[in-house]
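Turn these sequences into a full structure, and let the hints steer you where they fit.
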Amino acid sequence: MGLKRRGLTLIEMIITIAVLSIAVTLIVPSMNSTGVVRVQSALRTIASDIATAQTEAMAYQVRRGIWFGVVPTQVSGETTFTSGNGYVVVEPTGSELTMATLQDYMLYLPEDRTRPYARRFDGDSAFGGAVIAGATFDSGSALYFDELGGPLAALNGTTPGAGGVIRVEALKFGRIYEVRVEAMTGRVEIVRIEDESEE
Numbered sequence: 012m013g014l015k016r017r018g019l020t021l022i023e024m025i026i027t028i029a030v031l032s033i034a035v036t037l038i039v040p041s042m043n044s045t046g047v048v049r050v051q052s053a054l055r056t057i058a059s060d061i062a063t064a065q066t067e068a069m070a071y072q073v074r075r076g077i078w079f080g081v082v083p084t085q086v087s088g089e090t091t092f093t094s095g096n097g098y099v100v101v102e103p104t105g106s107e108l109t110m111a112t113l114q115d116y117m118l119y120l121p122e123d124r125t126r127p128y129a130r131r132f133d134g135d136s137a138f139g140g141a142v143i144a145g146a147t148f149d150s151g152s153a154l155y156f157d158e159l160g161g162p163l164a165a166l167n168g169t170t171p172g173a174g175g176v177i178r179v180e181a182l183k184f185g186r187i188y189e190v191r192v193e194a195m196t197g198r199v200e201i202v203r204i205e206d207e208s209e210e
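Quick note on the numbering used here: the sequence shown kicks off at 12 and runs consecutively.
Hints in this document: simulated from the structure, not taken from any laboratory.
Check before you lean on any hint, since a few could be wrong.
To be verified - Between beta-carbon pairs, the in silico distance windows are:
(1) LEU159 to THR36: 50 to 60 Å
(2) LEU159 to SER87: 34 to 44 Å
(3) PRO121 to THR147: 21 to 31 Å
(4) THR36 to PRO121: 35 to 45 Å
(5) ILE28 to THR56: 41 to 51 Å
(6) GLU200 to ILE28: 45 to 55 Å
(7) ILE25 to THR147: 16 to 26 Å
(8) THR36 to GLN114: 51 to 61 Å
(9) TYR119 to ILE33: 44 to 54 Å
(10) THR147 to GLN114: 19 to 29 Å
(11) ALA144 to ARG17: 57 to 67 Å
(12) THR56 to THR125: 16 to 26 Å
(13) ALA29 to LEU120: 44 to 54 Å
From the three backbone atoms N, C-alpha and C, an ideal C-beta is built for every residue, glycine too.
In structure tokens form, the structure reads like this:
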């Protein structure tokens, strides 16, 4: 009767544990970075929509606006607007932009003409839990572009705007960002802000 091998040798066990440890060390950080990449996708979407609104304002010689903190809700084909984690891109042709008049100025997504040109970050896993914590412009939480693509201080005025900031938080990943819009040019810059808890 020969010896029957029923288990692993000590060397085989050590090698198996070492390989598993290396695999876990490589995989776990990349799983966390997937969420950060999704948050960065939200930031790039905001920057892209700002650039699109600015470009369309110049191309069509009309005013364009983005109202942050407002999201659409569609029920039975009707669109209503409420406060929420997102924004709406509009063509404000009137004298006032309010929740009541927003329907009149609504644009539609270039890729889907049945849906309002708006972004809603709540419940969309593609954006990794990004939250628009606030937007500060001359006109409150709305950014307007004139026919030359420059930010405006007010919807009805011709005074150039001072630019502004959109604060985006991803507290799940300990990240805070600012999307900064420069005065005069409307240039967009995304900056990571160090979280106060990291200091």
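Hints and how they fare:
The supplied range of 50 to 60 Å is met by LEU159 and THR36, whose beta-carbon atoms lie about 53 Å from each other. At roughly 40 Å, the beta-carbon separation of LEU159 and SER87 lies within the given 34 to 44 Å, and the hint holds. Look at PRO121 against THR147: about 28 Å separates their beta carbons, and that is inside 21 to 31 Å. A hinted range of 35 to 45 Å for the beta carbons of THR36 and PRO121 is consistent with their spacing of about 43 Å.
Between ILE28 and THR56 the CB atoms are about 43 Å apart, so this pair conforms to the stated range of 41 to 51 Å. Checked against the hint of 45 to 55 Å, the C-beta distance between GLU200 and ILE28 comes to roughly 47 Å, which is consistent with it. At about 58 Å, the CB distance of ILE25 to THR147 disagrees with the hint of 16 to 26 Å. Checked against the hint of 51 to 61 Å, the pair THR36 and GLN114 passes, with Cβ atoms roughly 53 Å apart.
Range check, TYR119 to ILE33: Cβ separation about 50 Å, and the 44 to 54 Å hint holds. THR147 and GLN114 have their C-beta atoms about 25 Å apart, which keeps the hinted 19 to 29 Å range intact. With their beta carbons about 60 Å apart, ALA144 and ARG17 fall inside the hinted range of 57 to 67 Å. For the hinted restraint 16 to 26 Å between THR56 and THR125, the CB-CB distance of approximately 19 Å keeps it satisfied.
Distance hint check: the CB atoms of ALA29 and LEU120 are about 51 Å apart, consistent with the given range 44 to 54 Å.
Of the numbered hints given earlier, the model fails hint 7 alone.
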